[in-house]
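Spelled out, the chains give:
2 protein chains.
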Amino acid sequence: MLTRIDHIGIACFDLDKTVEFYRATYGFEVLHTEVNEEQGVREAMLKINETSDGGASYLQLLEPVREDSTVAKWLAKNGEGVHHIAFGTADVDGDAQAIRDKGVRVLYDQPRIGSMGSRITFLHPKDCGGVLTELVTSADPSSTEH
Amino acid sequence: MLTRIDHIGIACFDLDKTVEFYRATYGFEVLHTEVNEEQGVREAMLKINETSDGGASYLQLLEPVREDSTVAKWLAKNGEGVHHIAFGTADVDGDAQAIRDKGVRVLYDQPRIGSMGSRITFLHPKDCGGVLTELVTSADPSSTEH
Numbered sequence: 001m002l003t004r005i006d007h008i009g010i011a012c013f014d015l016d017k018t019v020e021f022y023r024a025t026y027g028f029e030v031l032h033t034e035v036n037e038e039q040g041v042r043e044a045m046l047k048i049n050e051t052s053d054g055g056a057s058y059l060q061l062l063e064p065v066r067e068d069s070t071v072a073k074w075l076a077k078n079g080e081g082v083h084h085i086a087f088g089t090a091d092v093d094g095d096a097q098a099i100r101d102k103g104v105r106v107l108y109d110q111p112r113i114g115s116m117g118s119r120i121t122f123l124h125p126k127d128c129g130g131v132l133t134e135l136v137t138s139a140d141p142s143s144t145e146h
Numbered sequence: 001m002l003t004r005i006d007h008i009g010i011a012c013f014d015l016d017k018t019v020e021f022y023r024a025t026y027g028f029e030v031l032h033t034e035v036n037e038e039q040g041v042r043e044a045m046l047k048i049n050e051t052s053d054g055g056a057s058y059l060q061l062l063e064p065v066r067e068d069s070t071v072a073k074w075l076a077k078n079g080e081g082v083h084h085i086a087f088g089t090a091d092v093d094g095d096a097q098a099i100r101d102k103g104v105r106v107l108y109d110q111p112r113i114g115s116m117g118s119r120i121t122f123l124h125p126k127d128c129g130g131v132l133t134e135l136v137t138s139a140d141p142s143s144t145e146h
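Those protein sequences? They're chains A and B, same order as listed.
Just so it is clear: in the first sequence, position 55 is 55 by full-length UniProt numbering, and no numbers are missing.
Just so it is clear: in the second sequence, position 32 is 32 by full-length UniProt numbering, and no numbers are missing.
These are calculated hints, taken from the structure and not from any lab test.
Glycine residues also receive a C-beta, built at the ideal position from the N, C-alpha and C atoms.
Keep in mind that a hint or two might mislead.
Here are the computed lysine to aspartate or glutamate pairs in the EDC-like style, where the Cα-Cα straight-line distance is at most 20 angstroms [said to hold, decoys possible]: (1) Lys47/B / Asp140/B; (2) Lys126/A / Asp14/B; (3) Lys47/A / Asp95/B; (4) Lys126/B / Glu20/A; (5) Lys73/A / Glu37/A; (6) Lys17/B / Asp127/A; (7) Lys102/A / Glu38/B; (8) Lys126/A / Glu80/B; (9) Lys47/B / Glu29/B; (10) Lys102/B / Glu29/A; (11) Lys126/B / Glu80/A; (12) Lys73/A / Glu38/A; (13) Lys17/A / Asp127/B; (14) Lys126/A / Asp53/B; (15) Lys102/B / Asp16/A; (16) Lys126/B / Asp14/A; (17) Lys17/A / Glu29/A; (18) Lys77/B / Glu20/B; (19) Lys73/B / Glu37/B; (20) Lys126/A / Glu20/B; (21) Lys17/A / Glu80/A; (22) Lys47/B / Asp53/A; (23) Lys47/A / Asp53/B; (24) Lys102/A / Glu20/B; (25) Lys102/A / Asp127/A; (26) Lys47/B / Glu34/B; (27) Lys47/B / Glu20/A; (28) Lys17/B / Glu34/B; (29) Lys126/A / Asp109/A; (30) Lys77/B / Glu80/A; (31) Lys126/B / Glu38/A; (32) Lys47/A / Glu20/A; (33) Lys102/A / Asp91/B; (34) Lys17/B / Glu29/B; (35) Lys77/A / Glu80/B; (36) Lys47/A / Glu50/B; (37) Lys102/B / Glu20/A.
Partial list, computed: chain A residues near chain B (C-beta under 8 angstroms) [stated by the list, open to error]: (38) Thr3; (39) Arg4; (40) Gly81.
Extracted from the complex, chain A is given alone in its bound form:
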């Protein structure tokens, strides 16, 4: 069951500049940064609030680290902006299968590793009203409390 808005993924050309925009404009601070080689992105997680399921909601700022990454291709086509949205669940495997069974295309056979050790999958945007939609199970619920 999807129990929270886990994050909004925002694609940008310059991560440092975008992090500074969110800090200077709104006071949002970076909780965590990492490079996800598989996804081809460098990313910063900005925690905005905690959520009633024991998790949290973040902005995820994404800069491509190679030209053949999906985010690089998306930026080349669309320019900067909201790239995807993500819902949090305690059971990404079960929810992904249930959603697949309803006829929505799930992009990975098995969940992959996302931000902060989470397990993630994506749903095809053409099956979701144009919205690239991610499902996330956090690595450890307590990891969102820091």
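Fit chain B to the known structure of chain A by using the hints.
Relative to the frame of chain A, chain B by itself:
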């Protein structure tokens, strides 16, 4: 101070069909529907979780009700997808002014009426890394608890 992700605004051509997609696929239910004549939209609010500031996070599904609405023009250009994101604050007037003072264009001189009697304004997406960004103060904090 912005204390939550208040909602993600998703533009669609057919609100009833989109509501049904979110219900059937994820189990998300409609909390509230309304027509906002000024914004030129018919909308459905789907509450996803409560937030640590006493508010909540929603999906806001938006269908244009007239061809000259900004959402209708946006859909004609972009197709269906994420139209804007919104941060919640207890003081939309003060935060909008503070953000304006930092050189970010605020689209309204004074906040206008948004979903469920909230007071809202928007920041220019060209000043926000391509992200149309809304600031929201709820009409009544308890109204998010239902």
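How the hints compare with the structure:
1. Between Lys47/B and Asp140/B, the direct Cα distance comes to roughly 16 angstroms. Compliance with the 20 angstroms bound is thereby established for this hinted pair.
2. Among the hinted pairs, Lys126/A with Asp14/B is consistent with the structure: their alpha-carbon atoms are about 15 angstroms apart, no more than 20 angstroms.
3. With a C-alpha separation of about 19 angstroms, the suggested pairing of Lys47/A with Asp95/B holds against the 20 angstroms cut-off.
4. Between Lys126/B and Glu20/A the alpha-carbon distance is near 16 angstroms, which keeps this suggested pair within the 20 angstroms criterion.
5. Of the supplied pair hints, the one linking Lys73/A and Glu37/A holds, its CA atoms being roughly 16 angstroms apart against a limit of 20 angstroms.
6. Taking the CA atoms of Lys17/B and Asp127/A, the gap is about 12 angstroms. The hint holds against a cut of 20 angstroms.
7. For the given pair, Lys102/A sits about 37 angstroms from Glu38/B by alpha-carbon distance, which is inconsistent with the 20 angstroms threshold.
8. Between Lys126/A and Glu80/B the alpha-carbon distance is near 9 angstroms, which keeps this suggested pair within the 20 angstroms criterion.
9. For the suggested pair Lys47/B and Glu29/B, the alpha carbons sit about 7 angstroms apart, so the restraint of at most 20 angstroms is met.
10. Distance check on the hinted pair: Lys102/B and Glu29/A sit about 17 angstroms apart at the alpha-carbon level, within 20 angstroms; holds.
11. The hinted pair formed by Lys126/B and Glu80/A meets the criterion: a straight-line CA distance of about 9 angstroms does not exceed 20 angstroms.
12. About 15 angstroms separates the Cα atoms of Lys73/A and Glu38/A, which keeps this hinted pair within 20 angstroms; it holds.
13. Between Lys17/A and Asp127/B, the direct Cα distance comes to roughly 12 angstroms. Compliance with the 20 angstroms bound is thereby established for this hinted pair.
14. For the given pair, Lys126/A sits about 34 angstroms from Asp53/B by alpha-carbon distance, which is inconsistent with the 20 angstroms threshold.
15. Proximity of Lys102/B to Asp16/A is assessed by CA-CA distance (about 18 angstroms); at most 20 angstroms being required, the pair is judged to hold.
16. For the hint pairing Lys126/B with Asp14/A, the CA-to-CA distance comes to about 15 angstroms; that is within 20 angstroms, so the pair holds.
17. Between the alpha carbons of Lys17/A and Glu29/A the distance comes to roughly 13 angstroms, so the proposed pair stays at or under 20 angstroms and holds.
18. Distance hint between Lys77/B and Glu20/B is unfulfilled; the C-alpha atoms sit about 24 angstroms from each other, more than 20 angstroms.
19. Distance check on the hinted pair: Lys73/B and Glu37/B sit about 16 angstroms apart at the alpha-carbon level, within 20 angstroms; holds.
20. Pair hint Lys126/A plus Glu20/B holds up; C-alpha atoms about 16 angstroms apart against a cutoff of 20 angstroms.
21. Taking the CA atoms of Lys17/A and Glu80/A, the gap is near 12 angstroms; set against the 20 angstroms cutoff, the hint holds.
22. With a CA separation close to 13 angstroms, the supplied pair Lys47/B and Asp53/A stays within the 20 angstroms bound.
23. With a C-alpha separation of about 13 angstroms, the suggested pair Lys47/A and Asp53/B falls inside the 20 angstroms cut-off, and the hint holds.
24. Taken as a hint, the Lys102/A and Glu20/B pair is honoured in the structure, with Cα atoms around 13 angstroms apart against an allowance of 20 angstroms.
25. Taken as a hint, the Lys102/A and Asp127/A pair is honoured in the structure, with Cα atoms around 11 angstroms apart against an allowance of 20 angstroms.
26. Between Lys47/B and Glu34/B, the direct Cα distance comes to roughly 15 angstroms. Compliance with the 20 angstroms bound is thereby established for this hinted pair.
27. Distance restraint check for Lys47/B and Glu20/A: the Cα-Cα separation of roughly 31 angstroms exceeds the 20 angstroms cut-off, and the hinted pair is therefore not satisfied.
28. Of the pairs offered as hints, the one joining Lys17/B and Glu34/B holds, with about 16 angstroms between alpha carbons and a cut-off of 20 angstroms not exceeded.
29. Note on Lys126/A and Asp109/A: the hinted pairing holds, with a Cα-Cα distance of about 18 angstroms set against a maximum of 20 angstroms.
30. The straight-line distance between the Cα atoms of Lys77/B and Glu80/A is roughly 16 angstroms, inside the 20 angstroms bound, and the hint therefore holds.
31. Taking the CA atoms of Lys126/B and Glu38/A, the gap is near 30 angstroms; set against the 20 angstroms cutoff, the hint is violated.
32. This hinted pair checks out: Lys47/A and Glu20/A have alpha carbons roughly 15 angstroms apart, not beyond 20 angstroms.
33. Between Lys102/A and Asp91/B, the direct Cα distance comes to roughly 42 angstroms. Violation of the 20 angstroms bound is thereby established for this hinted pair.
34. Between Lys17/B and Glu29/B, the direct Cα distance comes to roughly 13 angstroms. Compliance with the 20 angstroms bound is thereby established for this hinted pair.
35. For the proposed pair Lys77/A and Glu80/B, the alpha carbon gap of about 16 angstroms is at most 20 angstroms, so the pair holds.
36. The straight-line distance between the Cα atoms of Lys47/A and Glu50/B is roughly 15 angstroms, inside the 20 angstroms bound, and the hint therefore holds.
37. For the suggested pair Lys102/B and Glu20/A, the alpha carbons sit about 13 angstroms apart, so the restraint of at most 20 angstroms is met.
38. Against a cut-off of 8 angstroms between C-beta atoms, the interface hint on Thr3/A holds, since the closest Cβ of chain B lies about 6 angstroms away.
39. For Arg4/A, the interface hint holds, the least distance from its beta-carbon to any beta-carbon of chain B being 4 angstroms, beneath 8 angstroms.
40. Hint on Gly81/A holds. Least Cβ distance to chain B is approximately 4 angstroms, under the 8 angstroms limit.
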